[in-house]
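Asks: Next come the chains, spelled out residue by residue.
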Amino acid sequence: MPKMEVDVDKCKGCYLCIQVCPKKCIEKSDKFSKTGYYPAKDAKEGCCIACLSCVRICPDLAIKVYK
Amino acid sequence: MAEKKLMKGNEALAEGAIRAGCRFFAGYPITPQNEIPEYMSWRLPQVGGAFIQSESEVSAINMVYGAAGTGVRCMTSSSSPGMSLKQEGISYAAGADLPIFIGNVMRGGPGLGNIAGAQGDYWQATRGGGHGDYRCFVMAPNCVSELGNFPTKCYEVAFKYRIPSMVLADGILGQMMEPVEFKYPEVDVKTLKEPEWAMGVNNGRAKRIIKSYDLKEGGVEIMVNERVKRYKAIEENEVAYEEKMIEDAEIVLVAYGISSRVCVAAMKQAREKGLKVGLLRPITLWPFPKARLIELSKRVKNFLVVEMSLGQMVEDVALAINGRANVHLHAKPGASVITADEVCKTMDKVLKKEVKEYAAVK
Amino acid sequence: MQLLNKHPESLLDVKMHYCPGCGHGIIHRIVAEVMDELGIRNRTIGVAPVGCAVFADTYFNCDMIQGPHGRGPAEATGIKRAKPETIVFSYQGDGDLASIGMAEIVHTAIRSENITVIFVNNAIYGMTGGQMAPTTLMGQKATTCVDGRSAKQAGYPIRMCEMLATIDGATYLERTTVHNNAGVLKTKAAIKKAFQNQIDGKGFSMVEVLSMCPTNWGTRLDNPSEATKFVAEGMLPVFPLGVYKDACAADKK
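Protein chains in written order, with the numbering used here: chain A, 1 to 67; chain B, 1 to 362; chain C, 1 to 253.
These aren't lab readings, by the way, just hints derived from the structure by calculation.
Every residue, glycine too, gets a C-beta built ideally from N, C-alpha and C.
Some chain C residues close to chain B (C-beta under 10 angstroms, calculated; not the full set): (1) Arg41; (2) Arg43; (3) Thr44; (4) Val47; (5) Cys62; (6) Asp63; (7) Gly70; (8) Glu75; (9) Ala76; (10) Thr77; (11) Lys80; (12) Ala103; (13) Glu104; (14) Ile110.
Far from chain C by the CB rule (all over 10 angstroms, computed), these chain B residues: (15) Glu242; (16) Glu250; (17) Arg292.
Now the stretches of chain C that chain A is said to cover, found in silico as 3 or more residues with beta-carbon under 8 angstroms: (18) 3-17; (19) 20-31; (20) 180-187; (21) 222-232.
Isolated chain A, as found in the complex (with noise of 0.2 angstroms):
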């Protein structure tokens, strides 16, 4: 089962992953990080296909995807 992670740290909440994702995994946090964003969520567990579509349009690298 792909997993999908949101480094929040380095995620400023820009929602590119969200919008790109063909599944619709990942939401908006509604807990604000440290640097002020509310970053994006780990994808819902069972939904990532790994397509790797948030991965490559990130502009943060704040993503890692696993399989």
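Got chain A; can you put chains B and C on it based on the hints?
Replies: Here is chains B and C on its own, set in the frame of chain A:
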């Protein structure tokens, strides 16, 4: 055994740079220094170097900035309006501690001016010219042989202290033909050690960055102060000047470059009439021979600065002498040639107190 | 469980200063991945511009030089001629390349200089706070054209790929985008080709990448669709994607 070769000033400068290890040149045509890029265009490939006629003086200085970042000995050249264009690049090179070499063949200015030799860019060369707190090492030859030999010293100082260096000549020196004796052995560039800051193929070492900025609070202050230490070392170790008939002189002519040649003639003329005239010729314009002027001004009462400008070096002379003696000025701007007769007439007036001092004794 | 996306070695693992949703981070990552895949990191020298990407000298994990505004192609020329064994790239924004550096980019293409240029076109000046760029669209608002760019005042946006394509020395010119996934994939292919061309000694290569600047476009930082829409609907019709030149350089002595 050094042979003498009859060469044009501009070509001697180019050849001198190549002998000193220059292997990259970028420049743009501008009179009266066109022979420099022309000579470089066929001579550099002969020694395995690279030549580019750049699209402007601006791009030339930036090509040199890039090439210098790889540790390669490089050069650009120009004349007054083109030198103005290069100022930003020179400031960046100074701020990035890059050892670039510049050939500067002055012409009449400001603006388009004319194409004849002048000395109106002394301030530009020694007072930065570009923005920020920095210095350039500036040498002023007064003959074609010095044009051929000064590049070796310039590269040495540039690389030792990581500072831009410049030979400051003028259109007369650039165009005249005289015998050149190249004093120094040709540099074998294969034996030159690559500087430890130079960019290139890195074989796993840590990355190197060439840059001139630091946005952190106090960052640039630290960078500049570190440079100031090197500037002080240059001032202590690299001052050069020449003196003629100074020991019993009652009036000392102070002149550099082509004006110093006129002063030698004026000095001889005056001596024949019994006038005790001497000559101090600054060779390094920065660092300026302040200490020597201070020493001389304890004994000599009159200094006459002779320059083909409205009076630029005279400020440095007056600053050094600081009221201990009279400082006079024979200034002729706009590339109009000064004659020995004129200088002698002025000397007469000075000694008869018929002219107002530029800076009187306090 | 295996990590599918290792951090590229050619990019330092540090936080970058770019705004949320800015395209620079995407393009930096692409360039770094290409450098890794081509195995050129140890002999690459990059030229950082003046503009938001001035700090590229800190981010890329190779020798870097940062120089005056617009002069990257000239610096790259000097570096490449002095050390032809290196791979040299100039990374520039639209002010750096198409305004103050217009002479340098044109002549570097004329000389068919064997370097790679990454041209980030976001139709505005970022670092200095949103002034008009040579590539700003007609009617697009910027701080120096508050009512929108008008032809009478400021002419028309310049299409760099199209213009440089008229130059014989320009070997490879392609325009891509990073506003969506397909674009990112094509951008990487183009940048890889642009670097491979340099390795193969083919002459001047440039990839013009359309990019987002939410901060200065005034689009929402927490809703990227406004910015990506501006690229898709505003920029693409003016700056069509595609290959504008793809030729091997003529016989080079």
